[in-house]
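Put together the whole structure using the sequences plus the hints.
Chains R and B are the protein sequences, given in the same order.
For the first sequence, the residue numbers in the working numbering are 10 to 229.
For the second sequence, the residue numbers in the working numbering are 7 to 346.
By construction, these hints were calculated from the structure, which means they are not laboratory data.
It is possible that part of the hints are untrue.
Result set (EDC-like, lysine to aspartate or glutamate): computed pairs, CA atoms no more than 16 Å apart in a straight line [stated by the list, open to error]:
#1 R:Lys-74 / B:Asp-306
#2 B:Lys-270 / R:Asp-214
#3 R:Lys-24 / R:Asp-54
#4 B:Lys-241 / B:Glu-193
#5 B:Lys-270 / R:Asp-54
The structure presented is a predicted model; accordingly, all values stated were derived computationally and were not measured.
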Amino acid sequence: MWVVEVITNEEEILKGLAEAVIKGNEEKSTELAQEALKMRIDPYDAIMNGCSKGMNVVSDLYEKKEMFVPEILLSADAMYAALDILRPHLKVDTTVKKPAKIVIGVAQGDIHDIGKNLVKMMLDVAGFEIVDLGRDIAPEAYIEKANEANADIVAISALMTTSMMNIEPVIKGIKDKNLKAKVVVGGAPISSEFAEEIGADGYADDAVSAVRLVKKLMGG
Amino acid sequence: MCKITMKKRLINALLGEEVDKMPVVSITQTGTEALMDICDAKWPEAHYDPKLMAKLAIAAHKEIGYEAVRVPYCLTILLEALGCQVSKGHKTRQPSITSHPYNSREPLPLKPISNDFLSKGRIPVILKTIKLIREEIGEDIPIIAGSEGPVTIASDLLEVTTYMKWFIKQKQAVVKYTNYGANAVIEYANALFEAGADVFALLDPVASPDLINPRDFNEIVLPIYQRMSKKLKGKVVVHICGDITGILSYLKETGFDAVSIEEKTDLEKAKEIFESKIRVVGNVATATTLFNGTPKQTYDESIIALNKGTDVLAPGCGLAPLSPLENCKAMVEARDDYFK
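As structure tokens, this is what we get:
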């Protein structure tokens with residue numbers, strides 16, 4: 010009897026976490042993340058079957074244009090509140106393959122970072138390791154970080170016709186230095202043709218397809 | 007039909023009345039590096055000096071052939087007057103907002119818009135520029151003056167992420183801040199008309215469904231636009247970036263004269279939704295075509311826009327500063343050939 014009850018509670022908590030992320034309820038997701046730890050639910054489980062599951066629903070609704078940026082920003086807050094509580098308790102499993110590492114930022118001369126933040130969050134929740142450089146980032150900084158972190162992917166967004174010109178030097182620098190990182194790009198003025206022209210390895214037109222693109226490039 | 011002036015042509019087109027040919031203008035910014043070099047009026051100085059601003063604006067009319075003179079080149083004039091810090095940018099980078107005076111976890115009280123508002127920041131520069139342009143070009147060529155719209159203003163006073171979240175958490179504050187932006191726009195735009203502007207371009211990129219839920223646009227933004235349209239004393243074109251298909255039916259009800267769209271919004275679809283209630287301006291792609299494409303591509307896209315029934319042929323968004331002159335000119339050539 011006791012065992013059954015625990016299972017039910019665990020399920021309820023995971024479901025509650027997903028729900029809190031979908032609804033963008035930060036108080037609720039905080040409370041449930043703490044509850045999950047108290048109940049000794051595996052934090053990995055709470056993240057993958059709670060938070061991530063919720064965020065997958067959010068992605069779907071966003072793609073269907075049923076959810077918009079304001080709602081997603083609140084979902085992100087709710088998710089990160091839970092992750093901040095759960096992540097320090099993750100058991101380090103050395104047998105599991107390390108996730109791909111992604112360096113992300115907004116092109117130099119550009120301060121529009123909502124899109125970049127959405128992409129970052131979606132990649133984060135998909136299990137990738139993210140190094141966020143921020144906005145208005147010089148080409149050299151991407152190259153340096155990609156080298157230092159031995160990054161698999163460099164993701165750059167640009168929202169202006171002026172800043173999109175500052176992506177090509179990153180790609181060139183990464184090739185010149187023979188770094189392994191693949192470069193993916195996105196943002197309003199960028200098209201797949203432009204991405205191809207400047208030698209990018211991929212282009213995505215929104216946060217959800219960015220995750221798909223990165224997974225494809227990583228062979229998954 | 008006897009020959010009409012460029013001004014009459016633009017006004018008629020915006021009213022949906024008969025014209026000899028569709029006007030070709032830019033509702034959005036026209037400063038390019040090529041023009042700066044030709045007329046020797048460069049950014050960032052041309053954002054601050056009325057003579058240089060006028061010179062560069064007139065160059066877009068004289069060198070490209072756009073049938074209007076359009077000022078200014080940024081979306082920071084009202085925001086600066088309302089207390090935001092502005093970075094000047096450089097020759098090929100527009101000024102941008104660097105501080106958000108009302109950014110806070112909870113809504114802060116707004117400072118009332120002062121009686122001397124029109125003397126704040128660069129507002130006097132713009133008003134002076136319009137007068138200079140009018141002296142230079144005479145009465146027959148229209149002047150288009152633009153500014154950031156209320157949603158964009160509110161988003162920068164607060165910081166855009168905060169503003170977005172408040173659409174859900176602090177709806178009343180969003181209404182208050184956006185109305186505050188609208189009040190500033192109304193006062194400024196009417197001063198622009200008085201100084202000699204014929205058309206006011208209301209640029210509100212943050213109102214796009216790329217950022218805001220169309221349902222919120224309908225509920226919160228539309229009533230504010232409607233209030234503005236009743237108070238604005240001249241022709242108004244509203245420009246919103248991105249794919250705005252989801253809010254076209256609401257924009258139809260604004261009371262403005264026209265909606266300027268970019269290539270991500272289908273022009274035919276816009277015409278179909280608008281019927282004869284509001285006009286369409288657009289929509290040659292600024293990034294892929296005018297900036298990164300060829301004159302031929304620009305020409306072809308202009309013809310497509312005319313075929314789809316654009317009321318005013320125009321770039322879909324602000325010209326990229328590095329757009330080649332030949333591409334910009336191809337729009338005018340296409341329009342001329344179309345009506346030969």
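Is it true that the CA of Lys-24 (chain R) sits at most 16 Å from the CA of Asp-54 (chain R)? Holds - the C-alpha atoms of Asp-54 (chain R) and Lys-24 (chain R) are around 11 Å apart, at most 16 Å.
What's the verdict on Lys-74 (chain R) and Asp-306 (chain B), does the C-alpha distance respect the 16 Å limit or exceed it? 31 Å, violated
Lys-270 (chain B) paired with Asp-54 (chain R) [C-alpha distance capped at 16 Å]: 41 Å, violated
Holds or violated: Lys-241 (chain B) and Glu-193 (chain B), Cα atoms, limit 16 Å. Given pair Lys-241 (chain B), Glu-193 (chain B) holds - Cα atoms ~15 Å apart, limit 16 Å.
Hey, Lys-270 (chain B) versus Asp-214 (chain R), does the alpha-carbon distance stay inside 16 Å? Within the cut-off at roughly 12 Å; holds.
The structure fails to meet hints 1, 5 from the earlier list, while all remaining hints are met.
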